[in-house]
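Participant: Protein chains in written order, with the numbering used here: chain A, 1 to 97; chain B, 98 to 591.
Hints listed in this document are in silico derivations from the structure and should not be mistaken for laboratory results.
Please note that a few of the clues may not be correct.
Stated by the list, open to error - The list that follows gives simulated cross-link-like pairs (lysine-lysine, DSS-like), each with its CA atoms no further than 25 angstroms apart:
1. B:K184 - B:K364
2. B:K509 - B:K546
3. B:K485 - B:K364
4. B:K364 - A:K24
5. B:K579 - B:K112
6. B:K509 - B:K447
7. A:K6 - A:K24
8. A:K66 - A:K40
9. A:K5 - B:K447
10. B:K546 - B:K356
11. A:K83 - B:K509
12. A:K6 - B:K447
13. A:K83 - B:K447
14. B:K349 - B:K335
15. B:K546 - B:K485
16. B:K448 - B:K138
17. A:K24 - A:K5
18. B:K335 - A:K68
19. A:K83 - B:K184
20. B:K448 - A:K6
21. A:K47 - B:K485
22. A:K40 - B:K485
23. A:K5 - B:K448
24. A:K84 - B:K579
25. A:K40 - B:K138
26. B:K138 - B:K509
27. A:K24 - B:K448
28. B:K155 - B:K184
29. B:K485 - A:K83
30. A:K68 - B:K427
31. B:K335 - A:K66
32. A:K40 - A:K2
33. B:K184 - B:K138
34. B:K546 - B:K493
35. B:K184 - A:K68
36. A:K84 - B:K427
37. B:K184 - B:K427
38. B:K112 - B:K493
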Amino acid sequence: MKITKKEVEYVADLACMEISEEEKEIFTRQLDSILSYMEKLNQLDTKDIEPTSHVLQTDNVFREDKVKPSLPQDEALANAPDKKNGFFRVPRVIEEN
Amino acid sequence: MKDNICAEPIHRQLKLMSDGSVSSYEMVGHFIDAIERINPKINGYIAVKADYALARAKEIDSRRDSNEALGPLAGIPIAIKDNICTKGFETTCSSNILRSFVPPYNAYVVERFQDADAIILGKSNMDEFAMGSSTETSCFGPTVNPWLQDRVSGGSSGGAAAIVAADMASGALGSDTGGSIRQPAAFCGVVGMKPTYGRVSRFGLVAYASSLDQIGPVTKDVTDCALLLSVISGRDEKDSTSRDIEVPDYNKSLTCDIKGIRVGRPKEYFIGGLDSQVACHIDTVFGILGQAGADVEEVSLPHTDYAISAYYLIATAEASSNLARYDGVKYGIRDSQYRDLRSMYRSTRKKGFGSEVKRRIMLGTYALSSGYYDAYYLKAQKARTLIKRDFDIAFKDHDVLITPTTPTPAFKLGENISDPLQMYLNDIYTISANLAGVPAISIPCGFTKDGLPVGVQILGRPFEEGVVLKLAYALEQAMDLKRPLRFWEKGSPG
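Bound conformation, chain A alone:
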């Protein structure tokens, strides 16, 4: 086994995603088969090979530090499921005493 049900539960927690009991079983089986296929990569000798994160030769891209108009607050908040007084509203994160 490349991946166990326990690891699937751990990864789902890292990804901040609740998954059902049924999904745990299915994902364990499917991810195991996908990761087993990917074992193929171990046949490659990659000693002295630099990783590629991006195909373009990346230099820093600079622009002038000038203030430009940005989205008005009401438009930026228009899609929020919950908002109040110009803020995104989320469940309480600080405990009450």
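Based on the hints, put chain B in the right spot on chain A.
Facilitator: Then chain B, alone, in the frame of chain A:
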């Protein structure tokens, strides 16, 4: 003529409008009629903006009547893939989590279309967050192949390709992360191009895998592809990976003189798993090229066999990071069942994402997690270096490479959806272009006995879209394909 106006390529429609044979308003009206008739059969559009499109057409017609200067796509109705932001129009990525999302801004490419006086007709169906090869992972249901009712349209830009194949828009914009423009174009018998990474701004494209994503045209022919590419290419300061390299007039590349052009035939693409009818049509292509004076030679891309593994690790790793933003706070849905902030995130993501998106987030999170990063993600990035190097070497002695776009014609709806690995393996011929960042086009090169289209893929050097288009154009002219009937045009049997 007016009955068939929807079937004409854009360059013909432009002529018919400029010589007064048809107005944009009339043409858009015909398209809307076609959509009402055909869209329920294939589910290519998930939203149609009929009133907006007609009003825009009227405005462009009146500007034409008063001899005002018009843009290069004046009055042409276009479908936009639903992961490309359109200000004021829902942009859902075919995901429940974004079902209510209305962008407050336009993608760069949408702005370019507006400036060119094109008309946005609607938003096209896709695999959820562009994760899929069949448009079956869409929360709106699959897009059906216009040529055979029991087949997929391909994916993830299946809606865009099917819409163009069904004459429901003049052209479309898709996005391609591992073949998502080229594979559906091949399955639906239309032209689809993934430009060089950095040729087209990704500003306003909802990110899936940022180092691989690229927007490109889906059209009826190569001339239209060149036309749309000329409009959307170029540097955009809002995407720092878009390159400041001059955009040539791609229409000037379209000549049939391909004598002496050096064509590579990668031997690793002609192996087991390649459908015999597909192989036969690709052989015909090489024959045509030889007759036209191109030098065809076998080349090797020795790391091809590692591309799927590298791709699905890198793409899912980037996706797991990009999709962290869907947490029920800034946009999209929020689940109502939660105890605290973290359980709100968790239940919102459970409710909002479909199973393929969850699977890819899981795979990517695993590949990036402590203890597995070196073995999976870093290893995949090193394999990417080797795959890119294969192309660098092959392009030293060859101007283009030619391959099948897909190993088989369009597969059946439901055939691969329960086996994700099998679905991934279908992407073998298209994903390397994204890993290497090179431009690639798929054009139709024949039909199977069942009447399904076959696509041929042409890959070129970075930023040499002109060479790719030239070869594609020469091939298209030499082949002069006769298309069979689409499934709704066939009479009932007996």
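Participant: Going straight from one Cα to the other, do K47 (chain A) and K485 (chain B) come out at no more than 25 angstroms?
Facilitator: With Cα atoms ~17 angstroms apart, K47 (chain A) and K485 (chain B) stay inside 25 angstroms; holds.
Participant: Can the restraint linking K546 (chain B) and K356 (chain B) be considered satisfied, given a maximum Cα separation of 25 angstroms?
Facilitator: Outside the cut-off at roughly 32 angstroms; violated.
Participant: If you draw a straight line from the CA of K184 (chain B) to the CA of K68 (chain A), is it 25 angstroms or shorter?
Facilitator: Cα-Cα ~19 angstroms, so holds.
Participant: Can you confirm whether the C-alpha distance between K24 (chain A) and K5 (chain A) stays at or below 25 angstroms?
Facilitator: 6 angstroms, holds
Participant: Is the straight-line distance between the alpha-carbon of K84 (chain A) and that of K579 (chain B) 25 angstroms or less?
Facilitator: 60 angstroms, violated
Participant: Measure nothing beyond the straight line between the CA atoms of K509 (chain B) and K447 (chain B); if it is 25 angstroms or shorter, mark the hint as holding.
Facilitator: Outside the cut-off at roughly 29 angstroms; violated.
Participant: With a cut-off of 25 angstroms on the C-alpha distance, tell me whether K83 (chain A) and K509 (chain B) pass.
Facilitator: Violated - the C-alpha atoms of K509 (chain B) and K83 (chain A) are around 45 angstroms apart, more than 25 angstroms.
Participant: Hinted pair, alpha-carbon criterion (25 angstroms max): K83 (chain A), K184 (chain B). Please report holds or violated.
Facilitator: 21 angstroms, holds
Participant: Next pair to validate is K184 (chain B) with K138 (chain B); report whether the Cα-Cα distance is within 25 angstroms.
Facilitator: Distance of about 28 angstroms is beyond 25 angstroms: violated.
Participant: What's the verdict on K68 (chain A) and K427 (chain B), does the C-alpha distance respect the 25 angstroms limit or exceed it?
Facilitator: Holds - the C-alpha atoms of K427 (chain B) and K68 (chain A) are around 23 angstroms apart, at most 25 angstroms.
Participant: Please work out if K6 (chain A) and K24 (chain A) have their alpha carbons no farther apart than 25 angstroms.
Facilitator: 9 angstroms, holds
Participant: Please work out if K509 (chain B) and K546 (chain B) have their alpha carbons no farther apart than 25 angstroms.
Facilitator: Holds, at roughly 16 angstroms.
This entry does not satisfy hints 1, 4, 6, 8, 10, 11, 14, 15, 16, 24, 25, 29, 33, 34 and 38, going by the numbered hints stated previously.
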